[in-house]
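> What follows is each chain in one-letter form.
Number of protein chains: 2
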Amino acid sequence: MKTQRRGLMIVLSSPSGAGKTTLTRQLLSENQNMAMSVSATTRRPRPGEVDGRDYFFVDKNAFSTMIEEGEFLEHAKVFDNYYGTPRGPVEESLEQGKDVIFDIDWQGAQQLTQAASDDLVKIFILPPGMQELEKRLRSRAQDSDEVISKRMSKSEAEISHWAEYDYVIVNEEVEVAMAELTAIVIAERLKRKRQLWLNPFVKTLVQGG
Amino acid sequence: MKTQRRGLMIVLSSPSGAGKTTLTRQLLSENQNMAMSVSATTRRPRPGEVDGRDYFFVDKNAFSTMIEEGEFLEHAKVFDNYYGTPRGPVEESLEQGKDVIFDIDWQGAQQLTQAASDDLVKIFILPPGMQELEKRLRSRAQDSDEVISKRMSKSEAEISHWAEYDYVIVNEEVEVAMAELTAIVIAERLKRKRQLWLNPFVKTLVQGG
Numbered sequence: 001m002k003t004q005r006r007g008l009m010i011v012l013s014s015p016s017g018a019g020k021t022t023l024t025r026q027l028l029s030e031n032q033n034m035a036m037s038v039s040a041t042t043r044r045p046r047p048g049e050v051d052g053r054d055y056f057f058v059d060k061n062a063f064s065t066m067i068e069e070g071e072f073l074e075h076a077k078v079f080d081n082y083y084g085t086p087r088g089p090v091e092e093s094l095e096q097g098k099d100v101i102f103d104i105d106w107q108g109a110q111q112l113t114q115a116a117s118d119d120l121v122k123i124f125i126l127p128p129g130m131q132e133l134e135k136r137l138r139s140r141a142q143d144s145d146e147v148i149s150k151r152m153s154k155s156e157a158e159i160s161h162w163a164e165y166d167y168v169i170v171n172e173e174v175e176v177a178m179a180e181l182t183a184i185v186i187a188e189r190l191k192r193k194r195q196l197w198l199n200p201f202v203k204t205l206v207q208g209g
Numbered sequence: 001m002k003t004q005r006r007g008l009m010i011v012l013s014s015p016s017g018a019g020k021t022t023l024t025r026q027l028l029s030e031n032q033n034m035a036m037s038v039s040a041t042t043r044r045p046r047p048g049e050v051d052g053r054d055y056f057f058v059d060k061n062a063f064s065t066m067i068e069e070g071e072f073l074e075h076a077k078v079f080d081n082y083y084g085t086p087r088g089p090v091e092e093s094l095e096q097g098k099d100v101i102f103d104i105d106w107q108g109a110q111q112l113t114q115a116a117s118d119d120l121v122k123i124f125i126l127p128p129g130m131q132e133l134e135k136r137l138r139s140r141a142q143d144s145d146e147v148i149s150k151r152m153s154k155s156e157a158e159i160s161h162w163a164e165y166d167y168v169i170v171n172e173e174v175e176v177a178m179a180e181l182t183a184i185v186i187a188e189r190l191k192r193k194r195q196l197w198l199n200p201f202v203k204t205l206v207q208g209g
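Residue numbers (my numbering), protein chains in the order written: chain A, 1 to 209; chain B, 1 to 209.
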C-alpha cells in the first residue's frame, strides 16, 4: 500500500542539559525520513560550520527582507544577532513526507504554533531533577560557577513553559526516553487526520473492492 | 519518581476479521496495568461463561433500573437482548491508574465519547483489503455463504465510521499492528494533560529544588 503522508513538525524543547541533543541525534539516525530544521542567522560562521547544514548564513539586510516577506515560521533576536526558521525548506520536506525536527525554545514553539499548528507535535524534555541537571552542565563544560548559575536560571525559565507542550518526557534514562520519543512519533503518524491517504483506500473497502 | 496517573479508556473498534481479538489479547498479556471492560447483558450465560469475567449477567428489570439511574457509559439493544458498559468498575480501574480496553462498535464508541471524552483514546483497526477480510472470515468459521455475506455487509457498515476515531491502524502484519498499538498507548500516557502528577515535580524544578 502506498503511503503519501505529509511529514510532521516535531518540536523538541528542554532546558540545556536535559539530554535533548542526544535524543535528537539518535532519532535522526534511526529514521531515514526525518530531517533537522536548519535556521537562518545573521551571526558569522564559526570554524567548521557549513552554510546550509549548520545554518543559512545571511546578512542583516537579507534577514530583514525575509521577515518582511513572511518567509520565517519563527524568528528572534538574541543579543545582536537574528535567528529564524525559513518556511520554504520546511514546507518542501513536509510535502515529501519527511518529518522535520525543530530544536527551539518556548518562544520559537509559541510562534510555530501560530504559524503551523496542524503539522505540529510539541514535546518537552524534563530532567529528573535540578541537581542532576546541574551535574550534567558541570560535567560537560569547563564553565565558571557564574556561567553555570546563569544557565540554571535560564533552565528554570524554560521549564516554566512546559505546560504549553503536547507531550512531556522525563529523561531519567536515555534508553527509556528514546523509546518514548519514538512511540510519540509513531503514534502521531497513525492519527486519523494524518492518514488522509487512507481515504481512497477505505472507499474501496466499503464498496466491497 | 512516583507516577499517580489516571488510566486511559482505550476503545478498539474494527470489522470482525480485522484482527482485533488477537491484538487485544496480546495488549492485555503485555501490560500488567490494563483490564478489559466487562459488559452487562440480559442474555443468558453460554456454557463456560463466568459472571463478572465474561459478562455481568443481569435480568431485564435490573438492566432497566441501571439505565434509569445512569449507570451505563453506553448501552444498546441487539435483537432481544440488552448490552451495556457499567460505569462503576471502569471508574474504579481508571482511578487505580489502570487502562481499560473496550471492545465495542461505532455506536458504543459514539456514546462513550459523550460520556467520557477526556479519558478516551479511540482506535480503529482496518483490514488490508476486503478480500483478505472475507478470507479470514471463511477460514475461521464453517458459516454458510449467506452468513458470510451478512457479516461482510456489517463490516462495511462498521468501516464507514472509521473517521470518528483518533487513530487508524491498517492490520497488514499483526507484529507491525501490535507495535503501532503499543506506541499509541505509550504516547497517550505521555500527553501533558495526562501527566498531572508532574505538576508538583515541575514546581520543585523551577524553585531550584
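Since the hints were derived computationally from the structure, they do not count as laboratory data. Hints should not be assumed to be uniformly reliable.
You can't tell identical chains apart in this list, so a pair holds if it fits in one copy or across any two.
[Unchecked claim] Taking lysine-lysine and the BS3-like style, the derived pairs with C-alpha atoms no more than 27 Å apart in a straight line are: (1) 98 to 60; (2) 203 to 150; (3) 154 to 191; (4) 60 to 191; (5) 60 to 135; (6) 20 to 191; (7) 203 to 135; (8) 77 to 20; (9) 20 to 60; (10) 98 to 20; (11) 193 to 154; (12) 98 to 191; (13) 20 to 203; (14) 193 to 150; (15) 154 to 203; (16) 77 to 191; (17) 98 to 150; (18) 77 to 193; (19) 135 to 98; (20) 98 to 154.
> Now, for every hint given, state plainly whether the structure supports it.
Now for the hints, and whether the structure bears them out:
1. 98 to 60: neither (30 Å within a copy, 55 Å between copies)
2. 203 to 150: between (58 Å within a copy, 19 Å between copies)
3. 154 to 191: Result: close only across copies, 24 Å inter versus 35 Å intra.
4. 60 to 191: Classified as neither; 41 Å inside a copy, 40 Å across copies.
5. 60 to 135: neither (38 Å within a copy, 65 Å between copies)
6. 20 to 191: both (25 Å within a copy, 18 Å between copies)
7. 203 to 135: For residue 203 and residue 135, only the inter-copy Cα distance (19 Å) is at most 27 Å; the intra-copy one is 56 Å.
8. 77 to 20: within (22 Å within a copy, 52 Å between copies)
9. 20 to 60: neither (30 Å within a copy, 58 Å between copies)
10. 98 to 20: within (20 Å within a copy, 30 Å between copies)
11. 193 to 154: Classified as between: cross-chain Cα gap 25 Å, same-chain 36 Å, threshold 27 Å.
12. 98 to 191: For residue 98 and residue 191, the Cα distance is within 27 Å both inside one copy (16 Å) and across copies (23 Å).
13. 20 to 203: between (42 Å within a copy, 21 Å between copies)
14. 193 to 150: The answer is neither: 42 Å in one copy and 30 Å across copies each exceed 27 Å.
15. 154 to 203: The answer is between: 15 Å across copies meets 27 Å, while 52 Å in one copy does not.
16. 77 to 191: Classified as neither; 35 Å inside a copy, 31 Å across copies.
17. 98 to 150: neither (37 Å within a copy, 42 Å between copies)
18. 77 to 193: Neither way: residue 77 and residue 193 sit 35 Å apart in one copy and 32 Å across, limit 27 Å.
19. 135 to 98: Result: close neither inside a copy nor across copies, 36 Å intra and 35 Å inter.
20. 98 to 154: neither (32 Å within a copy, 37 Å between copies)
In summary, the structure is inconsistent with hints 1, 4, 5, 9, 14, 16, 17, 18, 19, 20 from the numbered list given earlier, while agreeing with the others.
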